[in-house]
Amino acid sequence: MAVPAHHIVATPPPFDVPPYPAGIFAGQVVLVTGGGSGMGLAMARAFAQGGADVAVMGRSLDRAREGAAQIAALGVRTHAMSCDVRLPEAVAAAFDEAEAALGPVGLLANNAGANFPVLAEDISPNAWSAVTRIAIDGTFLCSAEYARRHIAAGEGGAIVNNSAQYIWTGFPGDAHSAAAKTAQATMTRKMAADWAPHGIRVNAVAAGFFPHATSNAGQREGGIEELQAMIPAGRTGSIWEFGWLAAMTCTPLFGAMTGQVIVQDGGESLRRSLIMPDYVPPRERADGPWGWK
Amino acid sequence: MKRVEMSGWLAGKRARIEGDSPAIAAAFEAAGATLVGGEADIWVHIAPPPKVKAAHELTHAEWRASLDAGLDRRFLGARDFAASCRARGQGGAVLFVGAPEQALGADQAAAAGALGNLTKTLGVEWARDGIRVNSILTRETGDTLGHLAAYLASDYAAYVTGAVVGIALDD
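Going line by line, the protein sequences match chains A and B.
Just so we're aligned: the first sequence equals residues 1 to 293 in my numbering.
Just so we're aligned: the second sequence equals residues 1001 to 1171 in my numbering.
These are computed hints drawn from the structure, not numbers from a lab.
Cβ coordinates follow ideal geometry from the N, Cα and C atoms, glycine included.
Be aware that one or more of the hints could be misleading.
What the hints assert, rightly or not - Which chain B residues stay away from chain A? Per the calculated CB distances, all over 10 Å, these:
(1) K1051
(2) L1067
(3) D1171
Stated by the list, open to error - Per label pair, the in silico range of CB-to-CB distance:
(4) A:A196 x B:A1026: 17 to 27 Å
(5) A:A26 x B:T1034: 38 to 48 Å
(6) B:G1089 x A:D62: 19 to 29 Å
(7) B:E1039 x A:G170: 22 to 32 Å
(8) A:L87 x B:G1142: 48 to 58 Å
(9) B:L1035 x A:P252: 20 to 30 Å
(10) A:Y279 x B:V1052: 54 to 64 Å
(11) B:G1037 x A:V9: 45 to 55 Å
(12) B:G1008 x A:D122: 27 to 37 Å
(13) B:T1121 x A:A286: 29 to 39 Å
(14) B:T1034 x A:D62: 46 to 56 Å
(15) B:A1065 x A:S273: 26 to 36 Å
(16) B:G1089 x A:R271: 22 to 32 Å
Same shape as in the complex, but just chain A:
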């Protein structure tokens, strides 16, 4: 069902009108994990719009390179590299590589993650480890590596984590990601406290549904049209408005903000009424929206 014509849908400015001046990150390098595609690429492009040079980290070097090319088109320097964020030595080496190529990493965006709808009973130990450790261990290892370098140099900084709108409610049919994304949000608050004395700010955006080429529902036959109407805001998110908010938390505009988890989901996670469609267990709705057949 489409959003009725008499409903009013709030929309953001277009991509080429960012909310901050082009030079707000000038002279700074941002490292974006999982920055080659999807939401990481949206973060990277938002930082680039503010003039940051971008180190694009991905599991796949090819995908990181493809993303880096799109980011470079915005007029900044980029460096693409491959890294498994679950391995501390690999993370340290990637920071070295980024700094050799572009200079000291001044800002960090943790986006690396994997996610796919699956019944809890069908999550193999390998799949559980992959999804939870990329997000949980990866965010920890990259953030701690970043913080050690900044503390040693006596310099403050800013980290932004990509969390998700389902972190406070659970996400039946997506148990690994439900656990992983909440860990990112709760570690955000504690790391912010740990590193506040060193001037390092840590915030997160709990993002709703921002369709992109590699999102699960982005591949739906018939596109995302039918998904717009289920969200209170009357639309799915435009991926650049997610990138902007993530980058904005790292600007001096929000210079006093730390330890915050900002929900940006068009009200999706809050939707509730006394009368709702009958409850259907995940294993009986494999063909519906968010299904996996």
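Please arrange chain B on chain A, whose structure you already have, making use of the hints.
Quick look at chain B alone, frame taken from chain A:
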């Protein structure tokens, strides 16, 4: 810190600010909003922080005053604002600003807790009127408060509604 522009976040918007926050008023004007006393596209309500008293030392009159300013006035004001938006056939933005839930006394804990869930409720209830509802609960009063308020009131936050945001670590 270098001065950063807000790139006309609120250009062409009329904002009515109820309550006192020099940082928010300054940021809204810097972001291009026109501050008005009547019909508006944005309604901001800032509640003054109640005095800190142990619950058993609060009179009912003190309790009621905190809840009036921290909750009732906000609901009634938002309700009127939303009605005027609907009458014009236009969307709008509501922003509640106040102290964090556990920062002061039990009166504030009650008011801010109620306000947080009211924010989440109205954000969804009025979503298809194009009216967004958000809260900032913080003890911060400086530039970041002003900038965050301007951001949440602007179209850049078009996908942020029902959000309760803080600024400092213990917010």
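*Is K1051 (chain B) truly not at the interface, in the sense that its beta carbon sits beyond 10 Å from all beta carbons of chain A?*
holds (25 Å)
_Cβ distance range 17 to 27 Å for A196 (chain A) and A1026 (chain B), holds or violated_ = holds (26 Å)
*Does the Cβ pair A26 (chain A), T1034 (chain B) satisfy 38 to 48 Å?*
With Cβ atoms ~31 Å apart, the hint is violated.
*asked:* A range of 22 to 32 Å was offered for this pair. Does it hold for the Cβ distance of G1089 (chain B) and R271 (chain A)?
replied: Because 24 Å falls inside the window, the suggested range holds.
*Has the hinted range 54 to 64 Å been met by the Cβ atoms of Y279 (chain A) and V1052 (chain B)?*
Since Y279 (chain A) and V1052 (chain B) have Cβ atoms about 44 Å apart, the given range 54 to 64 Å is violated.
*Status of the stated non-contact between D1171 (chain B) and chain A (beta carbon gap over 10 Å)*: violated (8 Å)
*For L1067 (chain B), is the shortest beta carbon distance to chain A beyond 10 Å?*
It holds; L1067 (chain B) is separated from chain A by about 23 Å at its closest Cβ, greater than 10 Å.
*Starting from the hint 48 to 58 Å, judge whether the C-beta atoms of L87 (chain A) and G1142 (chain B) obey it.*
violated (41 Å)
_I want to verify a distance hint. Is the separation of the beta carbons of A1065 (chain B) and S273 (chain A) within 26 to 36 Å?_
holds (34 Å)
*May I ask you to test the hint 45 to 55 Å on the CB atoms belonging to G1037 (chain B) and V9 (chain A)?*
Since G1037 (chain B) and V9 (chain A) have Cβ atoms about 29 Å apart, the given range 45 to 55 Å is violated.
*Per the hint of 22 to 32 Å, is the separation of the Cβ atoms of E1039 (chain B) and G170 (chain A) within bounds?*
Violated - the Cβ-Cβ distance for E1039 (chain B) and G170 (chain A), about 42 Å, lies outside 22 to 32 Å.
_Taking the Cβ atom of L1035 (chain B) and the Cβ atom of P252 (chain A), is their distance within the range 20 to 30 Å?_
Holds, at about 24 Å.
Of the numbered hints given earlier, the model fails hints 3, 5, 6, 7, 8, 10, 11 and 12; all others are met.
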